[in-house]
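K.L.:
Sequence:
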Amino acid sequence: TNFGARFREMIANEPDADLRSLRESSFAFFEASGFPTPKLEDWKYTNVAPLAAAEWSVDDSSFAAGQEVPQDTQRQFRSERNGFTALNLAFANIAFLRIEKDTVIAEPIEFAFEGEDATAIFPHIVVVAESGSKATIVESYCSQAKSFTNSGVQIIVEDNASLTHYRVQRESADAFQYGVTETSLGRDSRYDLTSINLGGAISRHDIDVKFTAEGG
183 TNFGARFREM IANEPDADLR SLRESSFAFF EASGFPTPKL EDWKYTNVAP LAAAEWSVDD
243 SSFAAGQEVP QDTQRQFRSE RNGFTALNLA FANIAFLRIE KDTVIAEPIE FAFEGEDATA
303 IFPHIVVVAE SGSKATIVES YCSQAKSFTN SGVQIIVEDN ASLTHYRVQR ESADAFQYGV
363 TETSLGRDSR YDLTSINLGG AISRHDIDVK FTAEGG
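FYI, the working numbering numbers position 89 of the sequence shown as 271, with every residue one higher than the one before it.
FYI, nobody ran anything at the bench for these hints, they're computed from the structure.
Bear in mind the structure is a predicted one, so any value in this text is a computation, not a measurement.
The C-beta atom is built at its ideal place from N, Cα and C for all residues, glycine as well.
Distance condition first, Cα-Cα at most 30 Å in a straight line; then the derived DSS-like pairs of lysine-lysine:
1) Lys221 <-> Lys392
2) Lys283 <-> Lys316
3) Lys392 <-> Lys316
4) Lys283 <-> Lys392
5) Lys392 <-> Lys226
6) Lys328 <-> Lys226
7) Lys221 <-> Lys328
Label-pair ranges, simulated between beta-carbon atoms:
8) Ala236 <-> Pro197: 30 to 36 Å
9) Ile291 <-> Ser203: 29 to 35 Å
10) Lys283 <-> Ile384: 37 to 43 Å
11) Pro252 <-> Glu296: 26 to 32 Å
12) Glu289 <-> Glu223: 41 to 47 Å
13) Ser203 <-> Val286: 36 to 42 Å
14) Ala300 <-> Ala395: 43 to 49 Å
15) Ser203 <-> Thr394: 23 to 29 Å
16) Glu262 <-> Lys283: 29 to 35 Å
17) Ser203 <-> Asp374: 33 to 39 Å
Start from the sequences, fold in the hints, and give me the full structure.
P.N.:
Written as C-alpha coordinates, this is what we have:
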(Lines of atoms letter the chains of each structure in order from A and count residues from 1; the text may use other names and numbers.)
(Lines give C-alpha, C1' and ligand atoms only; values in the text may rest on other atoms or scores of the structure.)
Protein backbone atom coordinates (compact mmCIF):
# COMPACT_ATOMS: atom_id res chain seq x y z
CA THR A 1 0.00 0.00 0.00
CA ASN A 2 0.96 3.66 -0.15
CA PHE A 3 0.41 4.15 3.59
CA GLY A 4 3.99 3.36 4.64
CA ALA A 5 5.70 6.53 3.45
CA ARG A 6 2.88 8.71 4.80
CA PHE A 7 3.01 7.04 8.20
CA ARG A 8 6.76 7.50 8.54
CA GLU A 9 6.33 11.15 7.59
CA MET A 10 3.57 11.76 10.13
CA ILE A 11 4.83 9.72 13.09
CA ALA A 12 7.76 12.10 13.51
CA ASN A 13 5.22 14.75 14.59
CA GLU A 14 3.62 12.65 17.36
CA PRO A 15 4.55 14.43 20.64
CA ASP A 16 3.21 11.74 23.01
CA ALA A 17 5.82 9.00 23.47
CA ASP A 18 3.32 6.38 24.69
CA LEU A 19 0.90 7.06 21.86
CA ARG A 20 3.77 7.06 19.36
CA SER A 21 4.70 3.57 20.58
CA LEU A 22 1.10 2.38 20.16
CA ARG A 23 0.91 3.85 16.68
CA GLU A 24 4.21 2.28 15.63
CA SER A 25 3.31 -1.19 16.92
CA SER A 26 -0.10 -0.95 15.24
CA PHE A 27 1.41 0.00 11.90
CA ALA A 28 3.97 -2.79 12.20
CA PHE A 29 1.06 -5.23 12.63
CA PHE A 30 -0.64 -3.77 9.55
CA GLU A 31 2.52 -4.10 7.48
CA ALA A 32 2.86 -7.74 8.57
CA SER A 33 -0.79 -8.76 8.12
CA GLY A 34 -2.20 -6.42 5.47
CA PHE A 35 -5.93 -6.13 4.91
CA PRO A 36 -8.02 -9.21 5.81
CA THR A 37 -8.99 -11.55 2.96
CA PRO A 38 -11.88 -14.00 2.39
CA LYS A 39 -9.50 -16.81 3.39
CA LEU A 40 -10.14 -15.74 7.00
CA GLU A 41 -13.36 -17.18 8.43
CA ASP A 42 -14.56 -13.83 9.81
CA TRP A 43 -14.09 -12.25 6.38
CA LYS A 44 -15.42 -15.09 4.23
CA TYR A 45 -18.15 -12.88 2.77
CA THR A 46 -16.30 -9.53 2.76
CA ASN A 47 -13.85 -9.11 -0.10
CA VAL A 48 -11.96 -5.83 0.31
CA ALA A 49 -9.63 -6.33 -2.68
CA PRO A 50 -11.01 -3.24 -4.55
CA LEU A 51 -10.30 -1.08 -1.49
CA ALA A 52 -6.81 -2.52 -0.99
CA ALA A 53 -5.90 -1.99 -4.65
CA ALA A 54 -6.79 1.72 -4.67
CA GLU A 55 -4.40 4.58 -3.95
CA TRP A 56 -5.39 6.68 -0.93
CA SER A 57 -4.03 9.92 0.44
CA VAL A 58 -4.28 10.35 4.22
CA ASP A 59 -6.32 13.23 5.59
CA ASP A 60 -4.14 15.79 7.36
CA SER A 61 -6.41 15.80 10.44
CA SER A 62 -4.85 12.51 11.51
CA PHE A 63 -2.50 12.90 14.47
CA ALA A 64 -4.50 15.92 15.64
CA ALA A 65 -3.02 17.21 18.91
CA GLY A 66 -4.71 18.08 22.16
CA GLN A 67 -6.67 14.94 22.98
CA GLU A 68 -5.99 13.86 26.56
CA VAL A 69 -7.01 10.21 26.36
CA PRO A 70 -6.07 8.07 29.39
CA GLN A 71 -3.33 5.68 28.26
CA ASP A 72 -4.88 2.66 29.97
CA THR A 73 -8.10 3.32 28.04
CA GLN A 74 -6.27 3.72 24.75
CA ARG A 75 -4.39 0.46 25.28
CA GLN A 76 -7.67 -1.42 25.71
CA PHE A 77 -8.43 -0.96 22.01
CA ARG A 78 -7.83 -4.23 20.16
CA SER A 79 -5.75 -2.78 17.35
CA GLU A 80 -4.51 -6.25 16.40
CA ARG A 81 -8.06 -7.48 15.72
CA ASN A 82 -7.32 -7.13 11.99
CA GLY A 83 -5.47 -4.94 9.49
CA PHE A 84 -8.19 -2.29 9.54
CA THR A 85 -8.12 -1.77 13.30
CA ALA A 86 -4.31 -1.69 13.26
CA LEU A 87 -4.35 0.93 10.51
CA ASN A 88 -6.98 2.93 12.39
CA LEU A 89 -4.90 3.28 15.55
CA ALA A 90 -1.75 3.97 13.53
CA PHE A 91 -3.35 7.02 11.90
CA ALA A 92 -6.07 7.73 14.47
CA ASN A 93 -7.58 11.19 14.66
CA ILE A 94 -8.66 10.88 18.30
CA ALA A 95 -11.72 12.55 19.83
CA PHE A 96 -12.24 12.08 23.58
CA LEU A 97 -15.52 12.67 25.41
CA ARG A 98 -15.98 12.31 29.16
CA ILE A 99 -19.53 12.47 30.54
CA GLU A 100 -19.05 13.38 34.17
CA LYS A 101 -20.43 11.43 37.11
CA ASP A 102 -24.19 11.78 37.75
CA THR A 103 -24.57 14.17 34.80
CA VAL A 104 -27.59 13.98 32.51
CA ILE A 105 -27.11 15.54 29.05
CA ALA A 106 -30.44 16.10 27.32
CA GLU A 107 -29.24 17.11 23.85
CA PRO A 108 -27.55 14.48 21.63
CA ILE A 109 -23.80 14.83 21.21
CA GLU A 110 -22.83 14.50 17.54
CA PHE A 111 -19.68 13.26 15.85
CA ALA A 112 -19.86 13.85 12.09
CA PHE A 113 -17.32 12.78 9.45
CA GLU A 114 -17.09 13.26 5.69
CA GLY A 115 -14.46 11.73 3.43
CA GLU A 116 -13.02 13.54 0.41
CA ASP A 117 -12.35 12.00 -3.00
CA ALA A 118 -9.45 9.48 -2.99
CA THR A 119 -8.80 10.27 0.68
CA ALA A 120 -8.65 7.99 3.72
CA ILE A 121 -9.84 9.22 7.12
CA PHE A 122 -9.30 7.51 10.46
CA PRO A 123 -11.74 8.76 13.11
CA HIS A 124 -11.16 7.28 16.58
CA ILE A 125 -13.73 8.17 19.23
CA VAL A 126 -13.32 7.43 22.94
CA VAL A 127 -16.37 7.95 25.17
CA VAL A 128 -16.33 7.45 28.93
CA ALA A 129 -19.76 7.67 30.59
CA GLU A 130 -18.93 7.95 34.29
CA SER A 131 -21.08 6.33 36.98
CA GLY A 132 -24.67 7.54 37.17
CA SER A 133 -24.46 9.59 33.96
CA LYS A 134 -26.89 9.55 31.04
CA ALA A 135 -26.40 10.80 27.47
CA THR A 136 -27.01 10.16 23.78
CA ILE A 137 -24.34 10.24 21.07
CA VAL A 138 -24.86 10.33 17.30
CA GLU A 139 -22.00 9.11 15.08
CA SER A 140 -22.58 9.93 11.41
CA TYR A 141 -20.70 9.38 8.16
CA CYS A 142 -21.62 11.01 4.87
CA SER A 143 -19.51 11.44 1.74
CA GLN A 144 -20.26 12.29 -1.87
CA ALA A 145 -17.08 10.77 -3.30
CA LYS A 146 -14.95 7.65 -3.58
CA SER A 147 -13.48 7.86 -0.09
CA PHE A 148 -12.19 5.41 2.52
CA THR A 149 -13.35 5.74 6.12
CA ASN A 150 -11.76 3.49 8.75
CA SER A 151 -13.24 4.23 12.18
CA GLY A 152 -12.66 2.94 15.68
CA VAL A 153 -14.96 3.66 18.63
CA GLN A 154 -14.27 2.83 22.27
CA ILE A 155 -17.14 3.24 24.73
CA ILE A 156 -16.90 2.71 28.49
CA VAL A 157 -20.21 2.77 30.38
CA GLU A 158 -19.46 2.81 34.09
CA ASP A 159 -21.68 1.55 36.94
CA ASN A 160 -25.32 2.73 36.78
CA ALA A 161 -24.66 4.84 33.69
CA SER A 162 -26.81 4.85 30.55
CA LEU A 163 -25.66 5.62 27.02
CA THR A 164 -27.77 5.65 23.84
CA HIS A 165 -25.73 5.43 20.64
CA TYR A 166 -26.90 6.04 17.06
CA ARG A 167 -24.52 5.20 14.22
CA VAL A 168 -25.62 6.42 10.79
CA GLN A 169 -23.71 5.62 7.58
CA ARG A 170 -24.87 7.48 4.45
CA GLU A 171 -21.81 7.14 2.23
CA SER A 172 -21.80 7.42 -1.57
CA ALA A 173 -22.16 4.28 -3.67
CA ASP A 174 -18.41 4.49 -4.46
CA ALA A 175 -17.21 4.88 -0.87
CA PHE A 176 -15.50 2.24 1.26
CA GLN A 177 -16.09 2.03 4.99
CA TYR A 178 -14.98 -0.15 7.87
CA GLY A 179 -15.82 0.53 11.50
CA VAL A 180 -15.51 -1.22 14.84
CA THR A 181 -17.27 -0.38 18.10
CA GLU A 182 -15.86 -1.77 21.35
CA THR A 183 -18.06 -1.27 24.40
CA SER A 184 -17.41 -2.13 28.05
CA LEU A 185 -20.35 -2.25 30.48
CA GLY A 186 -20.13 -1.78 34.24
CA ARG A 187 -22.49 -2.93 36.97
CA ASP A 188 -26.18 -2.13 36.33
CA SER A 189 -25.27 -0.04 33.30
CA ARG A 190 -27.16 0.25 30.01
CA TYR A 191 -25.95 0.65 26.43
CA ASP A 192 -28.44 0.98 23.56
CA LEU A 193 -27.05 0.95 20.00
CA THR A 194 -28.92 1.56 16.75
CA SER A 195 -26.82 1.15 13.58
CA ILE A 196 -28.21 2.41 10.25
CA ASN A 197 -26.36 1.67 6.99
CA LEU A 198 -27.62 3.23 3.76
CA GLY A 199 -24.69 3.38 1.33
CA GLY A 200 -21.16 2.37 0.45
CA ALA A 201 -19.52 0.16 -2.15
CA ILE A 202 -18.22 -1.94 0.76
CA SER A 203 -19.48 -1.28 4.27
CA ARG A 204 -18.80 -3.32 7.39
CA HIS A 205 -19.34 -2.60 11.09
CA ASP A 206 -18.02 -4.98 13.78
CA ILE A 207 -19.47 -4.73 17.30
CA ASP A 208 -17.79 -6.07 20.43
CA VAL A 209 -19.56 -5.71 23.80
CA LYS A 210 -17.92 -6.76 27.04
CA PHE A 211 -19.90 -7.26 30.26
CA THR A 212 -17.60 -6.66 33.23
CA ALA A 213 -20.11 -6.97 36.10
CA GLU A 214 -23.65 -8.08 36.90
CA GLY A 215 -26.73 -6.17 35.78
CA GLY A 216 -25.41 -4.70 32.53
